[in-house]
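Undergrad: Keeping their order, the protein sequence lines are chains A and B. If you read the first sequence in the working numbering, its first letter stands for residue 1, the second for the next number, and so on. If you read the second sequence in the working numbering, its first letter stands for residue 83, the second for the next number, and so on.
Heads up, a few of these hints could be off.
Straight-line C-alpha distance at most 20 Å; calculated DMTMM-like pairs for lysine to aspartate or glutamate [as the list claims (entries may be wrong)]:
| # | chain 1 | residue 1 | chain 2 | residue 2 |
| --- | --- | --- | --- | --- |
| 1 | B | Lys325 | A | Asp62 |
| 2 | B | Lys325 | A | Glu60 |
| 3 | B | Lys451 | A | Asp37 |
| 4 | B | Lys451 | A | Glu60 |
| 5 | B | Lys284 | A | Glu35 |
Note that these hints are calculated values from the structure, not bench results. Fair warning: this is a prediction, and the values are worked out from it, not measured in the lab.
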Amino acid sequence: MTREEVRQVVLRALRDVAPEVELTGLKPQTRLREELDLDSMDFLNFAIALHEALGIEISETDYPRMATLDGCIDYLATRLRI
Amino acid sequence: MGDFVMPILGADMEAGTLVEWRKQPGDPVQRGEIVAEVETDKGLIEVEIFQTGVLEKIFVHPGEKVPVGTVLASIREEGAAAQPAAAATLVVRPRAALGEAPRSAPAPPPVLPPGRVTPPPPPPGAQGQRLRVSPAARRLATELAIDLTLVRGSGPSGAILREDVDRVAAECSRTVAAAAPPLGAEATWKPIGGEERIERQKRMRQAIGAAMARSKREIPHYYVATTIDMQRAVSWLAEQNLKRPLPDRMLYGIVLIKAVALALRELPELNSVWLEGVALQRPSVNVGVAIALREGGLVAPALHDADRQPIDALWRQFRDLVQRARSGRLRSSELADSTITITSLGERGVELVFPIIYPPQVAIVGFGKLVERPWSVGGAVVSRPLVNATLAADHRVTDGHRGSLFLAAVDRLLQEPERL
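I would like the entire structure built from these sequences, with the hints used as guidance.
TA: Dropping the structure here:
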């Protein structure tokens, strides 16, 4: 899997939890929770969607590393050894 | 013979469109089962049935819009003989407590199967023509705002007696809640585009506004608040979550919900509904949870029997409820059954909330966000995760003393999270 594929998985998972948000203009460094108005349940569902798509366990203590789009991709790429 | 009618899911609901039958004539139906889907002005609702028997005949077909109270289908109750179809009569039932004229275009008249007669709808407060009701039962039902059409009579020829009404009142009947506007009936929808969405949002704001204005006008609120040390609850939750796969991980909101539900057992008068000048204590603790919808507005469907469910089961139900609230798939009972509401503005919100009671409930609990703050423990100042809990309650039913005991009980329960 490439970084770009991981990025697509992340965007798809975000679209699932925030279907009404336009994601094309999402800046890589913006904090997702604030930008997309995700509450804790949305974020959990986002993590579950990533878990289901990529088959990795994501620990609660790793959530801070997933605060931005770039952060998510970096974190998941590390976990997937890309 | 029983009737399955178009339910009232909000004080301003005049009519609904039958979208789909989940059961067909001849199918057995169980109390609590979803029988049909109905589109109201405000959303798609799965409608449950409150009788057990066999769906005998369908009178309203998908696509038809009919006023609330219209008989959608007849139900042959368990043990009863099959009715010849000609004996059934379509009756438009009176709507309870609906005085307002429709704000939107009036609903078209019900489309009737050929050969059936529709008597004009009786004025509000009058009773359906077919009912045999003793005067005492009628008086009590009026007092308690119980819809007599949903009471099964035990008297001669099925006449409804006072004790039948008493029984229904004691059963925490869904009927009672249906007579009042359930929080959130106005607030679910399927994702739709453009103008229709704007129109729905407008109607939702109107419905929320109407309910809140009624609350502010009629309910003498009092408020009490306390700060709760969440250290134990948060640590316990983190420990639990370490052992769990992602989908089973709980958010701290669930311990707040469970603590509120258990505290209501100690102060059951807060778990009441106010109807026609009387507070009726409810035997079940159905906690309405306010869920913000992504496109604006909110809905507060009920977690049934929250005090009796193990926290794992309650968590799964809560997740499911949030998901369905946001995708517009709530059930009629979830919108009509809440006996108290919890509002929590999440981790990114404010520290203190002053909630407004949702009538006919008599209390609402608010939680601010969880914050790390200095806290004194055993003479030393330490940093602790704290949450501010607020209770707004109806002064006609309780006083600040009972309200403060309630918040103290919530605090105490949260100090022993493993027992929740």
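Undergrad: Kindly indicate which numbered hints from before are broken by the structure, ordering the numbers from low to high.
TA: 5
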